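Chain by chain, the residues run as shown.
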Amino acid sequence: MRRALACAAVLMVAPALAQQKNQFADYQRMTAEGSPVELFELGGEELWKKPQGPKNASLEKCDLGKGPGILKGAYAALPRYFKDAGRVMDLETRLLHCMMTLQGRSREEATKQLFGNADRPSEMEYLSAYVAGHSRGAKMAPGASHPKEKESYQLGKALFFHRAGSWDFSCASCHGEQDKRIRMSDLPVLSDPKFARPLIATWPAYRVSNSQFKTMQWRLNDCYRQMRMPEPNFASDSMVALNMFLATTAKGAEYRGPGTKR
Amino acid sequence: MKRAILLMFFSGLAFAEPTARDVTEALKRDFHPRGQAKMDRVPQDGLQRICTDTRDKPPAALAKQIEADQMRTIVFPTGSLMGDWKRAEKVAQDGRGSMWSDKPGAPAGGSCYNCHQISPQETSYGTLGPSLLGFGKKRGNGPEMQKYVYGKIYNAKAYNACSQMPRLGYAGTLTEEQIKDLVALLLDPASPVNR
Amino acid sequence: MMQRRGLLKAAGALLLAGLLKPFAALAAWNKEAFASKSSADAMKSLGSPSAEASGGIVIEAPQIAENGAVVPIEVTSKIPGTTSIAVLVEKNPYPLVAKFDFTEGALPFVKINAKMGETSDVRVVATAGGKHYQATKEIKVTIGGCGG
Amino acid sequence: MAGPMKMRATLASGYTDVRVLMTHPMATEQQTKGQPHFIQNLEVKVNGKTVIEGQISQAVSRNPVFSFRLKGGAKGDKIEVSWLDNKGDTNKTETAVA
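Chains as they are written, first to last, in numbering that gives the first Met the number 0: chain A, 0 to 261; chain B, 0 to 194; chain C, 0 to 147; chain D, 0 to 97.
A portion of the hints provided could be inaccurate.
DSS-like, lysine-lysine: derived pairs with alpha carbons at most 30 Å apart [as the list claims (entries may be wrong)]:
{"no.": "1", "chain 1": "D", "residue 1": "Lys48", "chain 2": "A", "residue 2": "Lys49"}
{"no.": "2", "chain 1": "C", "residue 1": "Lys90", "chain 2": "B", "residue 2": "Lys89"}
{"no.": "3", "chain 1": "D", "residue 1": "Lys32", "chain 2": "C", "residue 2": "Lys36"}
{"no.": "4", "chain 1": "D", "residue 1": "Lys91", "chain 2": "A", "residue 2": "Lys48"}
{"no.": "5", "chain 1": "D", "residue 1": "Lys48", "chain 2": "C", "residue 2": "Lys77"}
{"no.": "6", "chain 1": "C", "residue 1": "Lys90", "chain 2": "D", "residue 2": "Lys48"}
{"no.": "7", "chain 1": "B", "residue 1": "Lys136", "chain 2": "B", "residue 2": "Lys85"}
No lab work stands behind these hints: they were computed from the structure.
Here the structure is a predicted model, which is why all the values come from computation and not from measurement.
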């Protein structure tokens, strides 16, 4: 089989709002029904409760925005502004914060394996699956009132349309026009709530093509790689801003992840 | 970001949208070089700046000027511009080239099938760009058409200022020979595209 | 003294759990069938060299799969007295994917995720009352993504 | 050490629906250049009695997921699923019918 790596385009899971006749609707429904994604939620639960780092502490007191250790609906309310850190954070950024504060781990150690592989998924991937699973059914409602949240949204929106890099791409180059495909993968217009909702409501997700669980920070990282840009810093303000723009555009969607994708 | 903060302080109104310059500052702060993808790729050139600011719809006069500027970047080889269409299929299929994950100097591809239908036997093709099936048969393959196709692949923006098609020659992704092979893939009567 | 009693107790526990040697009671893994390079050879090694086409075998699977690494295939046998179901992918290097034997307590049904190297027929062979039946369904496999 | 398994057994109309997820690389000969590593035997038991025996191969997807249907069944029945791979590793999980 030709070496076909993942690409910028991600397909939505449930046959909601298919732009054109989605010929993969059956395939997506059946793979989602028979998906091993719950195994990653199990792995995440283990890590959430596992004492680690110099302080030998677990993450069970991590405040994801709804109070220390509160998981229910927490993912659906991210990204948001966190007073204790003085900045807007998405899930992975906040998890990293808890690893460094609660567990006393250095940023360098906690981020040494950010993106895993089929044999060794990363902590962030396991934890993202576990935390996201607790928002199933919740309406997506990222932070929108705090000035820093507005600023993050504006930066994310500007980044989405910003053309740069050797191939002059912006996110909108691929995710800007309706009913378009890269190869066989549909390209949802992510700046349009109608198309953003079904997609953003199913990330992070298990990818059947390589048996890996993928997070949003990975998704943005891999997009910029294919945009022929230099590499984004993990959990930087720009990546959080893009996640804020996408989550805000998808505001109101019922979260159905962690999802299963091609 | 300084400007945005100042604005926020004074205006107290809803946030002014960050300008392309503000975004470039954010990219410089939040990205790092990796492999062949260095930070010199971050600052926008004039074309990228104008297309970003006008959401790819620059005023006609400005578009014409951009296209003229871009046309001057194209280096047309002398003689026939038709290479070997057999070699071109692989270039059209190959999605690598100019990424941090690609070894510098390793042969690059054009990712053409990501956006175009080209040879009839490949069913996994994209639709961001028009179908190129039967291109040579429909449009002929004289020197003028060869020049147009070569130029379009080398620098698509010379013909359409804010096109989404990458400037594959100008960006250094494809070699002269690879572009001539792609010209043959589209124009050579023997190519599956024209059968 | 303690050491010996410990051993006796452990052996007893194992006997109770019926797991003296895991899967001891089960039929051995049919190496020959799974090593067959054609579905005909695999069917021979499964002891069902020929099988009569039957509408009683229902194969539910997507017409087109976006990636061959995971192709969901659901099989239901409506043939009374079905005791086993085998799933084969014709064009795989080793066509036989899986075989299931059902006793009294289970319905002849299974859903699996199979790997398919390319577009191919999926062949299901069911055994009921000592006779063999089969059905096929084509599944197209494309390579999604942009190969970047 | 084998990775986690997860199983759900729920009463459906006239049968018990069993869905089991297994962590396993299911690595093929080609991927491992001759050192395949995959589950070979599966066993499904209800209250200690074997009801399904499965023999599977390297052509089953990584992290296998199976659905089975057991005849009848009542709340509280004990369902056990275990696997054995070609390197002798085993794992098993059990649950009560919800």
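Indices of hints not satisfied (ascending): 1 and 6
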